[in-house]
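For reference, the chains in residue letters:
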Amino acid sequence: MKSPSVLTRNIQAARKSFQPLFGTLEITQKCNLRCKHCYNFDRSTPYASQNELTLNEIYKALDALADLGVLSLNISGGEPLLHPDLFDILDYAQSHHFHLRIKSNGTLITKDLAKKLRTHGVKEIDISLYGANEDSYISFSQKKGFSKTIQSIRFCKEAGLPVNTSIILHRGNYTELAEMIRILEEIGVQYFVSDEITDRYDGTEAKTDLALQEEDYLILLKGPHRHFFAHENADKNVMCGCAKSVIGIDAHGEVYPCIGAPLPCGNIRHQELRKIWDESPTLKRIRALEFKDFDECSKCSLITKCSRSSGSAYINTKKYTGCDPTALTYARARSKSEP
Amino acid sequence: MKESYKINAELSWREVDGQILILDTIETESAHELNPMASLIFDLISQGFDKSGIEEELIQTYQEVKPEEIKSDLNLFLGSLLEKKIITPS
Chain A
1 MKSPSVLTRN
11 IQAARKSFQP
21 LFGTLEITQK
31 CNLRCKHCYN
41 FDRSTPYASQ
51 NELTLNEIYK
61 ALDALADLGV
71 LSLNISGGEP
81 LLHPDLFDIL
91 DYAQSHHFHL
101 RIKSNGTLIT
111 KDLAKKLRTH
121 GVKEIDISLY
131 GANEDSYISF
141 SQKKGFSKTI
151 QSIRFCKEAG
161 LPVNTSIILH
171 RGNYTELAEM
181 IRILEEIGVQ
191 YFVSDEITDR
201 YDGTEAKTDL
211 ALQEEDYLIL
221 LKGPHRHFFA
231 HENADKNVMC
241 GCAKSVIGID
251 AHGEVYPCIG
261 APLPCGNIRH
271 QELRKIWDES
281 PTLKRIRALE
291 FKDFDECSKC
301 SLITKCSRSS
311 GSAYINTKKY
321 TGCDPTALTY
331 ARARSKSEP
Chain B
1 MKESYKINAE
11 LSWREVDGQI
21 LILDTIETES
31 AHELNPMASL
41 IFDLISQGFD
51 KSGIEEELIQ
61 TYQEVKPEEI
71 KSDLNLFLGS
81 LLEKKIITPS
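Read top to bottom, the protein sequences are chains A and B. Going by the numbering used here, the first residue of the first sequence is number 1, and it counts up by one from there. Going by the numbering used here, the first residue of the second sequence is number 1, and it counts up by one from there.
Treat the hints with caution; some may be incorrect.
What the hints assert, rightly or not - In silico lysine to aspartate or glutamate, EDC-like type, Cα no more than 16 Å apart, as pairs:
| hint | chain 1 | residue 1 | chain 2 | residue 2 |
| --- | --- | --- | --- | --- |
| 1 | A | Lys157 | B | Asp17 |
| 2 | A | Lys115 | B | Glu3 |
| 3 | A | Lys116 | B | Glu10 |
| 4 | A | Lys16 | B | Asp17 |
| 5 | A | Lys299 | A | Asp235 |
| 6 | A | Lys16 | B | Glu27 |
None of these hints come from the bench; they were simulated from the model.
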């Protein structure tokens, strides 16, 4: 048997010893776009727009994340580039030797900003791509942004900042997939496809009607980029790194098992992060889960085709161990597309 | 003259399971894992210890090992870190 790589071995060790090697810290909820698919809290509500972590609280969060053993830290939002103290935050984070990543919608990056991100310790940038033209952006993100995003990706590449582009695929843009891929390959950056659309965290708006339907998925599974969709889960894996090697903190200090699984576990304004991580009953419950606890999935005949995520299942059904209807739709399509 | 080193600013690192894991995604796209003794040396470099300071710490920590052996191993390890551009002379 081939021995696992250095990275895989360390991720496995971290998962076993509950060291959150991967962290996400949201530094703001503010955003210049209003994407229809956005999972994050409704920005028109007081919760989203007020009482965000102060700069000192962000520094304390960074200290605590380093102390817990986070190596790869994703600075997220909202749109993190809108934070007025972004470069102070990056400098402080850099002093803790994180593998620093930024997650951005890519519409605000200038040539100078790309260089500045690089010199302030950012090691990778994750940029979302919502379509292959301005019309698609306007209908999905409520604003123009396509040209700016493509330009931003070019600026980052020129600045020597590795770019991971996340193609956000939904009902309204999946026919543009080939064009998005063509553009990204021409620029020469890494990309992957995200077909996971969830409801809002705060339950104010259902978003899953934007998700790909079975007939859309069947078309994609027959297309030239089918490898992005033809997921195999022969090991019947239903668990992920949530609460084990992964941690998330939102812009208000709430700690989650993963930023994509918004189960509140404590708030760093009221408790030490270390105490929350070690003692939260929610985190302990997740760590103790076994295959049989996923009662629907463990009995499901489509499990070997399913790419379920517990975070999405929780957001869409309020049950962390439950069946995510969108993942089930995709699994059914995979099963039907087999020769 | 003191022999001092600094760690390549492009690197990220953290201790995992008692060993240091180093990531270099910008220059070589590689990951390195250091054994416990190498991890201690790396940690001392990150704290600003010079070569003779590191030697003293290692001799104190590994009293069962002959000092000459420690010095020789340290030279080899520092040479390897320099070659891989994980550290540079400062």
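Status of the hints after comparison with the structure:
no.: 1; hint: Lys157(A) with Asp17(B); in the structure: 35 Å, violated
no.: 2; hint: Lys115(A) with Glu3(B); in the structure: 33 Å, violated
no.: 3; hint: Lys116(A) with Glu10(B); in the structure: 14 Å, holds
no.: 4; hint: Lys16(A) with Asp17(B); in the structure: 10 Å, holds
no.: 5; hint: Lys299(A) with Asp235(A); in the structure: 14 Å, holds
no.: 6; hint: Lys16(A) with Glu27(B); in the structure: 30 Å, violated
Violated hints for the displayed structure, listed by number in ascending order: 1, 2 and 6.
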